[in-house]
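**Student:** Residue strings, one per chain:
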Amino acid sequence: MELDPRRVAVRKMLGRVKRVVSVVSTKGGVGKSMISVTFALILSRRGYRVGLLDLDLHNPSAHVILGECGAPSEDRGILPPEVHGLKFVSIVHFSDGRPVFLRGGEISDTIVELLSVSQWGSLDFLIVDMPPGSGDELLETIKLLQGLEVLAVSTPSKLAREAVEKMVAMLEEMGVRVVGVVENMVPPGSLGERDERVLGKIRFDGRVEEAIGKVEELLSTDFAMDVERVVEAYLRASNIRRGVK
Amino acid sequence: MHEWAVAEGVVDTLLELGKKERAKRIVRVKLRVGELRQIERDLFEFALRELAKGTIAEGMGVEVEVERSVMCCRVCGFKWSFDEVKEKLGEEENEAIHFLPDILPVYVKCPGCGSVDFEVSEGRGVVIWSVEMEK
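So the protein lines, in turn, are chains B and A. According to our numbering, the stretch in the first sequence is residues 1 to 245, in order. According to our numbering, the stretch in the second sequence is residues 1001 to 1135, in order.
It is possible that some hints are incorrect.
Below 30 Å or equal to it, Euclidean Cα-Cα: the simulated DSS-like pairs (lysine-lysine) are [stated by the list, open to error]:
id, chain 1, residue 1, chain 2, residue 2
1, B, K18, A, K1019
2, A, K1020, B, K143
3, B, K12, A, K1135
4, B, K143, A, K1088
5, B, K12, A, K1020
6, B, K12, A, K1030
7, B, K12, A, K1019
8, B, K158, B, K27
9, B, K143, A, K1019
10, B, K18, A, K1020
11, A, K1019, A, K1053
12, A, K1135, A, K1020
13, A, K1135, A, K1019
14, A, K1024, B, K12
Derived contacts from chain A toward chain B, CB cut-off under 10 Å, selection only [said to hold, decoys possible]:
id, residue
15, L1017
16, G1018
17, A1047
Per the computed footprint, the stretches of chain A lying under chain B, defined by three or more beta-carbons under 8 Å from a beta-carbon of chain B, are [as the list claims (entries may be wrong)]:
id, stretch
18, 1003-1015
19, 1087-1100
20, 1105-1116
21, 1121-1130
Calculated from the structure, these hints are not laboratory results. Cβ coordinates follow ideal geometry from the N, Cα and C atoms, glycine included.
Looking at chain B on its own, in the form it has when it is part of the complex (with noise of 0.2 Å):
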């Protein structure tokens, strides 16, 4: 007999929490990170109790965009910092920033330990950045995480969309709920095209480098006024009622 006793762990610590959204990509570079902060941003922001959590665990990014980590204290585990409202767990709080060196198996290993510690509490929402790719990371949180819903983010490019396109389908197959795709760095000429599978478009904004480490400045962006109709469209899309937690 070999009992691992940190998923059932990760059970109970997510036991509270309401809905995990990941938001993934094939692709590196098409704003997963960015969307996936000011998603999560913008979610607190209309008054519901949201995680952020940090699974790009080679290149974590979330802590630059949100400008700081917090620091994690312990309590029969760890309790997240609150970093601009969102209860916020990185691979950042353990690497003190260093560069992370790990393989595949290693890789599952530490999310089973990151969520079998982490002590979320009540949440209405966790958003969980993922790095690019169907590998690792995404594989283990959809087999820990019951329920996960997916959102995948994509450009305009024929090489993202087809590749998300089979991701998307592979997710479907293996029972995954894809809430949409939404589409990134689009030029402001081809919003108005609609299709049915993208629950949002969002413009390319030259302004979003800029207010990296700066949330209020990225809040008042026009990608943040675009992502907060991909908030509505999801929320829409889940039946989610306003102020209804």
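Given the coordinates of chain B, assemble chain A onto it according to the supplied hints.
**Tutor:** Chain A alone, transformed into the frame defined by chain B:
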């Protein structure tokens, strides 16, 4: 200090198993805990007994074996254990490893060749390897 979180996982797993097996009582549990977790054994065993109170696991015997760590370099094949490098680490680094044992290569390099590409082949996890139940 995540002894309580680990203990909670152990007790919940035992209770799930007891329910599945329709056990009247959990009599004894044997655990293997990796050295990298740097668990305070007394506190861990105390937490297990406290959390078991009022359940079918109350009063169970607890045996905790600390598994010595073995790291093996994937580049040069050198093998070593955590206690050979622990002294060189600061308090915060040890604390990070205590919570996330897999993060070890962030703070430790292979003493043989300096690589960070090494495997923790033993001494990392927490395993329940024997449960005695009364049915």
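**Student:** State the violated hints by number, sorted upward, taking the hints as numbered earlier in the document.
**Tutor:** 4 and 16
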